[in-house]
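Each chain, letter by letter, is given below.
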Amino acid sequence: MSLFEPVKMAFTSIWAHKARSFLTMLGIIIGVSSVVTLMSVGEGVKKDVASEIEGLGSNLLIIVAGDISGGGGGGFGQSTNVISGDVLKEEDVDAVKGVEEVEKVAPLALTGGAISHKDNQYTNFMSIATTSEMEGITTFEIEKGDFFRENDKRNVVVVADSARQEIFGDADPLNKKITFQNEKYRVIGTLKKIGSSDIFSDQAFDSMVVFPLEKIKEVSGGKADIFRIIVKVGDEYDVKEIAKKVEEKMLKSHNNEKDFSVLTQDDILDLLDTIFSLLTALVTAIAAISLIVGGIGIMNIMLVSVTERTREIGLRKAVGATPVDILRQFLIEAVIITLLGGAIGVLFSYAATSLVRKFSVLDPSITLYAIILAAGISIGVGIIFGLAPAISAARKDPIDALRYE
Amino acid sequence: MKLIELKGVSKTYKPGKNIKVAALKDASFDIEEGEFVAIMGPSGSGKSTLMHILGLLDRSEKGSYKLAGEEISKKSEKELSRLRNEKIGFVFQTFNLLPRTSAIDNVMLPRVYSRIKKHKKADGMKVLKQVGLSQRSNHKPNELSGGEQQRVAIARALINNPQIILADEPTGNLDSKSATEIMKILEELNKKGVTAIVVTHEEMIAKMAKRIIRIKDGKVAS
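Residue numbers (the numbering used here), protein chains in the order written: chain A, 1 to 405; chain B, 406 to 627.
You can trust all of the hints, since none of them are fake.
Capping the alpha-carbon separation at 30 Å, the derived lysine-lysine pairs in BS3-like fashion look like this:
id, chain 1, residue 1, chain 2, residue 2
1, A, Lys8, B, Lys526
2, B, Lys589, B, Lys525
3, A, Lys8, B, Lys534
4, B, Lys492, A, Lys8
5, A, Lys18, B, Lys526
Derived from the structure by calculation, the hints contain no laboratory data. If you're wondering where the values come from, they're calculated on a predicted model, not measured in any experiment.
Just chain A, same shape as in the assembly (with noise of 0.2 Å):
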C-alpha cells in the first residue's frame, strides 16, 4: 500500500468531523506555538545582546573578579570570589599597565550613598569611581564638558544621560553642585547616550553618576572597590594573544591564584550564549508541558475514532488489510492532525512575534531550527500518543468488528 491512499483517507476522516479535529488539535497548537514563540524570543534577545557587544569592538578586555572560563567553555566551573570585591586591586591596573601592547587600562570601582541636588534626593543611581583612562573606552564618550584628569582629587563629577536627565532636565548641568557623602561636587561633564544595552550588560549604566577612583579613595580612607578592569588593547594586535599575556601579569600579581578571568569579547558572547541558550531551554520545558496534554487529548480521540469504525476496520480486513495496514492507518491520521496542529501552532507564534516585535524593543527571530522542531515534535507527538489507539485497530477481530453495532 502507497502512502498516498492512507494520506488520503486520513484527511477524508478529518474532514468528516472538522469541529473534533480541530478541537483536538488544539493542544498541539498551544503547546507548538507557545515553545516556537519562547524560543524565538530568546533567540531574538541574544542577537540583540550580541550585536550590541560586537558593535562595541573586539579591542576591549575585560578583567573580572573569579574563575569564571574554568576549562576555557565558557561554564561557570570553580567559581571562587566571584562576590567578594576586594580581589581586583589597585597594583593590578599597574601591573596590566606594564603590558605594552595595551593602550589604556581602567578600573572601575562601586561607591555607595545617596546622591542629592538642591532638595532632591536620588538613590537609583549607580555612583561609580574611575580614572582619566576611562574617557574613550567603550560609552564612556564626553557629550558635553571634560573627563577627569590624570590623579584627579577634585570634587568634580561626570553624569550619564539618564541621570543627567532626571536630575537637572533641561537646564545646563556644567558646574552646577551636587551632593554626594557629605561632600559638593562640580559636574563637568556629561556622557553620551548608551544604548539599550552594553558591554555591562544594564541600561543601569545610564543612569551612572561617575567620581574620580582618587577622591573616592580619600574619602574612604584609601580603599576602593574595583570590581572590574577595563583594558584597551591597540588595535593592530590580536586581542586573544594579549588577554593571555595580561592573564600572565595578573597570575604574578596574585601569587600565582588564577582568582581573577580575563573576558575577550568573545568569551562574554560564549558566557552570554550559554545563560540564554539555558534559559531558552528552560522556558521551552515549561512550555512543553502542554504538548504531553495535547498527546493525551489526540490519544483520546484517536481512542474514540477506532470504537466508532469498528465496523470499517472489520470491513477493510475483510476485504484483504493486514494489521499493518490498518495500524498505518490510524498512525498517519494521528500524525496529520499533529502536524496540522504543529503547522497553525507556527502560523500563531509568526503572529505572536510579530506582536512582540511592534510592541518591545525585542526582535524575536523564527528560526529554521524552531520550525524543524517544531514539525518533529508534531511528529513525535502524534506517533506517541497515536500507537496504542492504532494498536488497538490493528489487533482488532474482523469477525467481531463486522458484528459489531
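With chain A's structure known, arrange chain B on it following the hints.
Just chain B now, kept in the frame of chain A:
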C-alpha cells in the same frame, strides 16, 4: 476442479469461563469451481461460523480446509489477508459501505490493499456497470436505496476478479423486489464462472441456488 475441500472442520467458542459452545462439529464437504451453493440453517446453527471459516476470517480448530488446493491452516495472517483480497469477494447483510464515500471509491476499496498497484477507476466503472449502477458512481451510500447499496457492495466484491463470492444473508435487509434483483445478479455472475456461496435462512432465496448445504446445531446435514 474442487475449489473448496472441507474435512472434519470443528470450531468451539468460549463465551465465558468454563463454557464451551461447539459452533461447528466435524463439517466435511466439497464445493466445485463454478457452483452456486446456498448454506441454510436457522440462526445459531453455526452457518455464520462456517461462512467465516470459508471466508478466511476465522480459523478452524480441527480438520483441514483447502482453498484451490492450498491448505489454509498453515497460512500466516498476512497470506490470509492477501487471499481474501485476491480470491474472495464478500457481500454482507448490512452492506458495510464506507459512509461519506462515493460508490466508485467504495468499489475501489479492495484495490487499496492489492498488489495490483494501478488505481484504475475504469475497472471500478466496469464492475459498477455490471451491477447496473454506472450512472450513480458518484453517489454516497446515504443517497442510495438499500438494493442499490447492496449492488455497490457486490461491485466491490468483484473488483479484484475473485474466484468466490461469499454472501452472508445478502437479502436480509432488503424488500423482496430488491432481494430478487440481488439474487439475479449473483446468478448472472455465477453463469460467468464465479463460484457463489450464499448463506441464508430463507427457503425462497436458497432455492435460487443449484445446491443447498443444510446445517443444524453445528452439523452439516446434507
